[in-house]
Structure formats: structure tokens, C-alpha cells
Amino acid sequence: MPLGERAGDKSESRYCGVETDFNDDMPHVLHFNLYSGSFDFVVAPLMDHSYRPSLVQKDALGSGVLPFAGSDLVLSPSQWSSHVVGKISSWIDLDSEDETLRIDSETTLKQEIAWASHLSLQACLLPAPKGTSCANYARCVNQILQGSNNMQLWLRVPLVKPDDDSMDAKSVALVDSWETWNSFRLLCEHHSQLSVALDILSTLPSPNSLGRWFGEPVRAAILHTDCFLTNSHGCPCLSKRHQSLITGFFNHSIQIIVSGNSVHPKASVDANDNSGTNSQRHPLRPYLDYIGYLYQRMDPLPEQERFELGYRDFLQSPLQPLMDNLEAQTYETFERDAVKYIQYQRAVSKALLDRVPDEEASVKTIVLMVVGAGRGPLVRASLQAAEETGRKLKVYAVEKNPNAVVTLHALVKLEGWEDTVTIVSSDMRHWSAPEKADILVSELLGSFGDNELSPECLDGAQRFLKQDGISIPSSYTSFLQPVTASKLYNDVKAHKDLVHFETAYVVKMHNVAKLAPTQPVFTFTHPKHSDKEINQRYKKLNFIIPNDTGSAMVHGFAGYFDATLYKDVHLGIEPSTATPNMFSWFAIFFPLRTPICVDPGSTLEVHFWRCCGSTKVWYEWCVASPASSPMHNSNGRSYWVGL
Amino acid sequence: MPLGERSGDKSESRYCGVETDFNDDMAHVLHFNLYSGSFDFVVAPLMDPSYRPSLVQNDALGSGLLPFAGSDLVLSPSQWSSHVVGKISSWIDLDSEDETLRVDSETTLRQEIAWASHLSLQACLLPAPKGTSCANYARCVNQILQGSNNMQLWLRLPLVKPDDDSMDAKSVALVDYWETWNSFRLLCEHHSQLSVALDILSTLPSPNSLGRWFGEPLRAAILHTDCFLTNSHGSPCLSKRHQSLITGVFNHSIQIIISGNSVHTKASMDANDNSGTNSQRHPLRPYLDYVGYLYQRMDPLPEQERFELGYRDFLQSPLQPLMDNLEAQTYETFERDAMKYIQYQRAVSKALLDRVPDEEASVKTIVLMVVGAGRGPLVRASLQAAEETGRKLKVYAVEKNPNAVVTLHALVKLEGWEYTVTIVSSDMRHWNAPEKADILVSELLGSFGDNELSPECLDGAQRFLKQDGISIPSSYTSFLQPVTASKLYNDVKAHKDLVHFETAYVVKMHNVARLAPTQPVFTFTHPKHPDKESNQRHKKLNFVIPNDTGSAMVHGFAGYFDATLYKDVHLGIEPSTATPNMFSWFAIFFPLRTPICVDPGSTLEVHFWRCCGSTKVWYEWCVASPSSSPIHNSNGRSYWVGL
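Sequence order for the protein chains is A and B. Each residue of the first sequence is one higher than the one before, counting from 0 in numbering that gives the first Met the number 0. Each residue of the second sequence is one higher than the one before, counting from 0 in numbering that gives the first Met the number 0.
Simulated from the structure, these hints should not be mistaken for laboratory data. The reader is advised that the hints may include incorrect statements.
For lysine-lysine, the following DSS-like pairs were computed, each having C-alpha atoms within a straight-line distance of at most 27 Å [unchecked claim]:
no.	chain 1	residue 1	chain 2	residue 2
1	B	K539	A	K109
2	A	K239	A	K615
3	A	K492	B	K492
4	A	K109	B	K615
5	B	K566	B	K538
6	A	K363	A	K566
7	B	K538	A	K109
8	A	K465	A	K538
9	B	K465	B	K391
10	B	K9	A	K538
11	B	K9	B	K239
12	A	K465	A	K393
13	A	K495	B	K495
14	A	K492	B	K495
15	B	K129	A	K539
16	B	K492	A	K495
17	B	K538	A	K129
Example chain B residues on the side facing chain A (calculated, C-beta under 8 Å, incomplete) [unchecked claim]:
no.	residue
18	R138
19	E188
20	C596
21	S626
22	S628
23	N634
Note that beta-carbon positions come from the ideal geometry of N, C-alpha and C, so glycine has one too.
Take the sequences, apply the hints, and build the full model.
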């Protein structure tokens, strides 16, 4: 049964499994673990662990039936499918120097997978690679993945990484298991059905090192009873660091599997106390109870987060607001963002107070133009600012979308703004204003700041401004950081073409590892002071991956923006300064055609260009170091924003 | 005019160019260098070197004409196209920190390329990248390459590489320019119109380091007059190492360009001596004469090499001799290889002498089966061996191709072999022989030894052999080595699909750099001793790239074989032991989907598998270190050999 109820959480991490030993009585295994133990599924060996193909051939007396854990008839198809993860024999060593063992391993792996497929299991757990080389193992798994079944394969990986200061004390054999995983998935071409099951041990690597895994396709975390401490009541519990890690798993839809023997005597005593009620109390039940306690202790998801659950890691093409007319639903969604308009109102208020001294408040009228008024939320925010500050305002609402203009007219009539607001149905780039404005207000920012062509629009609108006029926003800056984002990469890759690898996407990033702090990229200031200043940009960025992260895969870059609306009034999504509770923008994702592996402590050199043509604007990007990527989106061939 | 006549050489390296200064009288430039100097083409600046876009905009008085070196009308289109390589301004620095210089460089590069395109030049010479970063330069060039013109762009690079022992004495600024080239071409996605022009200076890096370049798209070598020494007559000459390099340049179709001022006083004096004959003797003529002397001194191409010129670096799909019937032309070509059949005859002779003592020669008859007899060359070789050794022979010629069987019958009749040779029209795998054989002879080897399924065929034929019978060949081994092969890689890439990147090709490799010695891969021995032995194989190989090579790109692997026909009689194409003057096999090439860059002194870990299914045999391959590639040809999805 689920670990608990948490409003809005429909994810897999509500279910907890248990690792079991080989037992050819599968109904008993299920009954004991699911009904007595209250686990949701078992990770059970499919084959007698003493079986070896090469030995079978020598005993020619056998009937030829493979020693699986019971026939497919002993459980119903839905029981096999929903409650059993097949555990592939842990003795197999596909990269063994011993030829016989290696060949036996290949044969057995194929047999067990074929059986699991026959049973329609949803997933199988593959044993951890044993040596430093995993090429033959990866090849055999890749052959299976290329087949036509839909089963998930979870590669078991111990969560091990030697810290720098402990390197001297440990043998060379202890490698960062992330490296093993990385080799394996590269050899298997980032196959979407290949995932990771992490073995959680009593010692954990650094937070940076752990953070890498949240961008990888981790499906399960196998929690060993050895990890647990004993509390004052003699019950199992976890250290603060382990608790934090488990919470991270819950938040990333990663299932917990409890493994090992009971190592807590109180747990055993408790088990005995209940012998009258149940024929057999499950020895691992106390561990499950503790995990359920951790789950239930988590804060409920905020309403906004619940609303956005469906967008997690979902790639969306960015809007083309200059080229396309937005739909009512799009306006509706953006207008619900109260925090955004509070910030605009605050900015306009400050500007009004700065431009009109108190003694002139009753005689001076500020001319304010909202360029790209949409259905009017900026007009409303500006008028509220005027009311709040006691300043007189004359507003021009400029909008090119004729459908939104209809709405604007209705709004003006409804609110009685006829004497204050003039609606202009025109593209701001082509309109000739009857008078100069004191303030330009616009909401032309995309997730990357300038990617919805705010610079080009405001250049066209600058002629409306008085010499000392101001723009809200007064400036905006884009930011980038490298990310591990296996899910996003695989979704892009699924399109099987170049165009999708050279397109930027708007994404609510969730299963993503941020590998280095963001850095600023392009900055635009309005009004511009030099008429000659162009909107083309070029920036070279160097990201240093912390030493304690270990190696990591860069699948692409997460992009954000931060805008200064006016003086100290900010608005943005750059994580370290993001405006709280604002939801108009998700991050933007620039994928790499081929992910690049960076070594610990090394520098990732990235180049970004913003290019302008007569009809379109586009970005080009590449990695120059540690390895050079191709130039992405050369000449805007795949992704561009139309003027 | 060409440097000289060398029979069979039709390559570009017969022509020599000269680098010139800016001169707006292009007609004079051509006349002076081509007719007075006898050069074949000029590398001439297209634009006044003092031109700067940002300055032009400041002088608003200009007429707007760009200061090109004369209009397109001063030379005929064929003169522009055949005799001029456009030299892009050397001052441009596209990765400069100075914004003005960078923007000027972008503008100028575009203008000059547009002009060169207008003139229909075949190639332009791009200046060497100036700093350690070349990302913006590569981006701008990539934009040009993505355009629709057919012009070649030659990136200038100095042939400089710090040797390890000189690293301490030199600044960090002195980098291996191969690294610069590698970054640049990766950013430009290995574009086939982007090539290299190497500046040859007075000091040269190590032979291993030089060797890398012959696998790269090297189009020109710019020979500076500073490289030349002075001989006892006061004329320019080159060191032994430079001579060796120039010979390599000639053999790889790379053109020489002379650059610099005359630095030899004798040369100047000679120029003056001829003032009566020519209005102006070209000061660089003595350098051209010396280069021509080096060319003429080269040995003529052997007849076989001339015959194979057309196959250089040409990818061919391997044969499917088990699945397809070969054509007469194919048989004809293979049968011309006298050396191969000499080796077979030698092997059969030795075997006959070993099996039949002299005293039994007149009474004992050896039964010999040629499996896969084709049109009979092995039958002939065997009978000649019998005649040579005075042994009695009974031959069964087994052939499955009914068309070849027709030819066999005619041959037997023609040669009067009716009493000695029995023709069997059957697949050796299905035939039932009337008696056991002493010797099996076969010619089932492919370029990689076992890739035409010799093991599977001979397994099927082993039942024909007496207990102590032998097979010719008795064993064969495949070999691999990593190669830089930019031309081959680009040809594979041009197909734009996965299948071609997972196919092995038969290629006469020419413009290829062999990065490490070959290593043995798979070995097969016949007859097999345990009947159970399978033909599946897995091998892990570690290639160490020598430190003095510098970094190198691995585009794939060259494969070869060596066969022991009988005892010390060998046959093969593995370079260090190749049978001289044999031409039945070219090497085999296994491409990598993404080339892998290896650092100097590092180890390249490669895995190869030979896999067998019920209807086909295939190879899978991958690189595991320094970075992991995908597994190529998983499950034989792209390339396989049919049983």
C-alpha cells in the first residue's frame, strides 16, 4: 500500500519494494512480502542462482527445462506485471576474463530476460558491473534493448565516489560509479529503457556528487538495512544526510526498495510481539514503517506546484508573439500571474513618484504607453499605480493582435477608462504616435529575456519616448548554466532529426542536475543611448565543475532571465534571484546534439551568439572545451524567431 | 607548368603555387608569376589590407565601393577559377577581445568570401586562428560553409608542435596546432569543403606528429623560403627531413605553395644574369626549380599502383560470397593475383612432401579437396604443386556457383584433367563426399580474415577430412589499428544515415594516418579440435598512442588479416608482414559514428565482437576509453554477412 497520502503526489515514489532471495514458490513470496509486509512489489530472482549453462550441457540427463522460479501460471498476469521486478542473477559477469563464465553469463542473461519478457514484467534489475570494463555487458544489454519488448532495464549501481581526501587511503579499484554508468549508457546510446537503480550504502558522497544523479534516469534507490541507525527506542532510523537524500528521491519520483537482513533487535522483538495476530511478521516491516514516516512528514505540494505537475520535464516550443497572434487561453494563463503584475505596478509607482514631485501631482499628466498591451493587464497595473500614487496618467495601449484589441475595448468600457486609455490597434514598430511618452511599459520578455525579440520591439518603440523618457523594463539579462538532463535529452532524441537538437525549448525542469552556478550572457538596456548599437551578441562562458561533483554529463544548458523593471524592482526566473510565486515563465533548454562529459574540477567553455537577420533572429551555440561540439543552429537553420 | 612528368601521376600535387602580396593589378600579378615565374597558380589577397569596415562608416565620403584587387573583368573566368586562390585578409581576428576588431573581421570575412564566390574561385585561404580560442571564427566559417557555394576553404595552420623536452623552454602559448584544427573542424561538423593548408617552417615536429596530417584533409603545404638551406653552389635546397616530408606531400596529392622573399644571394644573382632574356626574372624561381627537382627525382609509380590509383580511399562494400554468386569479372580480377597462387602452390607442395615420403610417391595418392573452387585457380595451383613434387593427386573441386561450374568443366576439358579432377557442383556445407580427404584447400578469406565466413564454411567441410587431415590455410588472424581518415569518414557521413556508419568497407587506404601498430584480434584454426568450439569472439584491445604523436582523431579502424597456409608459408595484408605484390585484398575499414579524439600518450580501449546467428554473422564494435562510443551494429542491424 502507498507510503501515505500527499496532496497532488501521483508519482511512483509512493510505492516501496523489497529485495528477496531466490524462492521457487512465487505465490508465497508475494503473499509474505505484499500482504504480511505491506510492500508494494518484490525484486525477486528469476532463476536458481546455482544454474550454469556450461554445467547443464555436461549433465546430459536433465530434462532441459530451465530452473526458473516457478512457471508463469502460478501468478496472474497482472500480479507478475504489477508486483514483480525481475532480478537477473547477480553472479553473471559479462566482462570476466574467464571465457566460460563470460559465455555462461551471456547465455543466462538472454534466458532470464526472455523469461521476464514472457511474463510481461515491467522491469528487470541488472546486476552491477563487476570490473572496470563493462563493454561486453553493455553490448549484450544493448542487443536486448534493440529488441522489440517494452521492458525497463534497471542497472544496479552502488552510490560510491571516492572523495579527494580519501583517494590516498583507497585502492585504485574504487572508482566513481557514475563513470561506470556513463560508459554503459553511452555504449547503449542513451537508450530510454535503460535506467539506474542506486544502491544506497551507509556512507554517502558529497551533496554535489549526489546532485548529479537527479539529472539521470534513476528509477529506484535500494536502501540497505546497513544504512540505518538505531534510535533511542531501538527502532531503525536514518542519518540527517540520508533523510535528505530520501526526500530528494520522493520529490523525483524515485522508488525505494528495502534490501538486506534485519539488523535491529527491537525490530525483531516487535515482530515477535505480533505473532498472535499474524502468522509471521515481516522482519523488514520496521524499515518500511520508517520510510513511510519520512514520506508522510513531507510538506504537501503547494497548489501552484500541483497545477504545474503535468509540465515537469515537458518540452514546449517557445512562443512567436511577434509573428503569431496569441490565443485567449495563453493570455488567460499569463494574466493569472498576480506577482508579475504586482511587480509592474510597483515599478510604475516608483517611476511616477520619481517623475512627478508631490507639488505637481494635480497638474502634471504622465503619458504612458503600454506596447504589446495584450488584453490589458499592464494597463490595469499602471492605472492602479497611478491611483495608488495620486498621479495623473494618460495611457496608450498599443496592440497588434486584433483579437486582443476586441477584448481591450470591452475592458475599457467595463472599467470606465474611456477618458484615460486610448487603444491603438497597430504594430508598435509601424505606429506613429501623436505625442511623446514619459514611460514605455512592455511585457515582451521570454524565458531567456530577449528571445521573444524585446530588443527589436523596443528599438522600434524608442521613437515614442521623450528624450528623458524611461522604459519598464529598463534592462534585462539572460543567464545560462550547464545541466545533466537525461530525460530532456531522450525526448529531443526521440524526434530523430537535427532540427530538434538545434531548437530551444521552454521546460519546467525537474529531473535535472544543475552542474555549476548560472552566469550572465546577454544584457539589453532601454532606452538605448547609441543609435548604432546592434542587437547581435556573442559571449564566451567558462563554467567550472566543482571537484567534489565528480565527472558529469552535460546534456545542454538551462537558460533564465532577470529583468530590472525600474531601479530596485526586479522580475525574473534566474534561480538565485527568482521572483517568488511567479509562474509566467519556465526555464529555457538549449540541447547539445551529443552530450559532453566533463571531468571533475575541469572547465567547460561554452560560446553563445545572438544573430540578427532581416526577417529573423536566432541563437547559435557550441561547446569548445573539453571537447568541441558542432556549431548548433548555424544560420538559424533549425530554430529562429520571426520578426 | 607541372613540376614534371611521373607516369601515372594525375594528381594535384604536380602543380605549384606562389603566395603574393596585395596588388590591384591582377593581370600583372598573373603574368609575372605564371609566365615569368612558371608557377601554376597564385595565392593572392582579395582586399586592400588597410581596409576596415568601421573606419569606412566614419568616413562618410567614400563612394561605397569595396577596395577589392581589381574588378572581375580584368581576368577571364577561367583564369580566376584555375589560377587564383583567394587569400582572405590576414589581419582578421574573429575571436579578438576587441569588439570593434571582431565585428570588422566578421564583416570583412563575409565580404571577401562573397567576392571570391562572385569570381568563381575554387578555393580561398583563411588566415591562421590567432589565439587559443577559435569558436567565433569557426562559427562564421560554418555559416559560410552552410551556404550554397562550392568553394573550398583552406584553413592556414603553422606546422608547429612543441616536443616534450622543449615544453619547459617554451611558453604555454605555443600549442599543438593540430588541436586548433581539431576544434575548428568539430565546430564546423567535419565539413567536406573545409581543409588545411600547412605552413612549413624551418623546424619540423616528430615523424609521428607529422604522420597525423596525412589522414586529415590536407590540400596545400606552404613552403617558406626560410626553410631552405644553401647548397655548395649557393642555390636553395632542403634538409633530409624536409625532403622526406615534401615527398610525402607529393604522394598524397597535396600542392606546394612557395611563400616569402628570396633569401639566397645566388638566386638573386642568377635572376640578374638572365635579365637580358626576360624583362624580369622571378626571384622565387630557384625555389620552384628545387621543388621540381624533388618531384622529378621520385620513382615512377609501379604498374600495380597505377592500376589501383582509382581505388584509393574508395569505399566498397565487402563481398557476400556465400550468399551471392560472384561475377566473372570478379573472378577475373582475383585470378590475376599470381603471387597469391604461388603461395598456395608452395603450401600444397610442402604439405605433399610432408605427407608422402619419397619412397611412397609412386604408389600413394593424396586426396585433395578444393572447397570453393571458383573457376579453378586453386585446382591449377594444387596440380602444379603435385607435378613439381612428383606426388600423385586426386582432386575434388567443390563449387556452389553454377556459373563458375560451367567454367570449371571447360577448364578441365581444356587442360586434360579429366582423370585427376572431379567437379562437384554443390555447397560444401551440404555435400556428402565419397571419401575422406588428406588436404582441404580453400580461398575463403576476406580482408579481415574471417569476414567472408571462412570459419563457418570450413566447419561444414571438416567432416570431409581424415582424422589427421590438414587444412590450407591452417589458421588465420585478423588485425586492427586505429586510423585518422578524414576522407573516408566524410564519405561515410555523406550518406546521412546510421547504416553506413555501422558497415565495414573494403578500401585501398591512402590518405590515412595509422596511429598505432596493429594488434591481433580473432584467430581461427582448422581443422578444429574440440567440435564444440564456437565461432563467436570477443576481444578487448588497448592501443597506446605515442607521446610524440600529439593528440589525434580516430575516425575508425583499419582491419587486415594474415593467414598461415601451411607451416611457414604465409599470406596476408597486415602491413608489417604483408605478402609483397599481392593485390587480391584491400584493407577493411570499420568507421566510428563519431570520431574520438585521443590525447598524447593515452590508451584507446576498443572492443570488437564477432557474433553468429542462425542466418548471419556480424561484427559489433565500440570504443570504451578515453570516452565511450555507442555499440556499433548492435544485433547486426546494419551490416552482416549471410550464411
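Taking the hints in turn, this is what the structure says about them:
A hinted pair counts as satisfied when its Cα atoms are at most 27 Å apart, and B:K539 with A:K109 qualifies at roughly 22 Å. For the hint pairing A:K239 with A:K615, the CA-to-CA distance comes to about 52 Å; that exceeds 27 Å, so the pair is violated. About 19 Å separates the Cα atoms of A:K492 and B:K492, which keeps this hinted pair within 27 Å; it holds. Taken as a hint, the A:K109 and B:K615 pair is honoured in the structure, with Cα atoms around 19 Å apart against an allowance of 27 Å.
Between B:K566 and B:K538 the CA atoms are separated by roughly 26 Å; this keeps the pair inside 27 Å, and the hint holds. About 22 Å separates the Cα atoms of A:K363 and A:K566, which keeps this hinted pair within 27 Å; it holds. Using a Cα cut-off of 27 Å, the hinted pair B:K538 and A:K109 holds, with the two alpha carbons roughly 20 Å apart. Proximity of A:K465 to A:K538 is assessed by CA-CA distance (about 32 Å); at most 27 Å being required, the pair is judged violated.
The suggested pairing of B:K465 with B:K391 holds, with an alpha-carbon distance near 17 Å, which does not exceed 27 Å. Between the alpha carbons of B:K9 and A:K538 the distance comes to roughly 47 Å, so the proposed pair goes past 27 Å and is violated. Of the supplied pair hints, the one linking B:K9 and B:K239 holds, its CA atoms being roughly 26 Å apart against a limit of 27 Å. Between A:K465 and A:K393 the CA atoms are separated by roughly 15 Å; this keeps the pair inside 27 Å, and the hint holds.
Between the alpha carbons of A:K495 and B:K495 the distance comes to roughly 12 Å, so the proposed pair stays at or under 27 Å and holds. Proximity of A:K492 to B:K495 is assessed by CA-CA distance (about 16 Å); at most 27 Å being required, the pair is judged to hold. At most 27 Å may separate the alpha-carbon atoms for a hinted pair to count; B:K129 and A:K539 meet this at roughly 16 Å. For the hint linking B:K492 to A:K495, the alpha-carbon distance of about 16 Å falls within 27 Å, and the restraint holds.
Between B:K538 and A:K129, the direct Cα distance comes to roughly 18 Å. Compliance with the 27 Å bound is thereby established for this hinted pair. Restraint check, B:R138 versus chain A: the minimum CB separation of about 5 Å is within 8 Å; hint holds. Given hint, B:E188 at the interface with chain A, holds; its Cβ is 4 Å from that chain's nearest Cβ, closer than 8 Å. Interface hint at B:C596: satisfied, since its Cβ lies 7 Å from the closest Cβ of chain A, which is below the 8 Å cut-off.
Contact between B:S626 and chain A, as hinted, is supported at the beta carbon level, the nearest pair being about 6 Å apart and thus within 8 Å. Taking 8 Å as the C-beta contact cut-off toward chain A, the hint placing B:S628 at the interface holds, the least distance being around 7 Å. Annotation: interface hint on B:N634 holds; nearest CB of chain A at approximately 5 Å, less than 8 Å.
Of the numbered hints given earlier, the model fails hints 2, 8, 10; all others are met.
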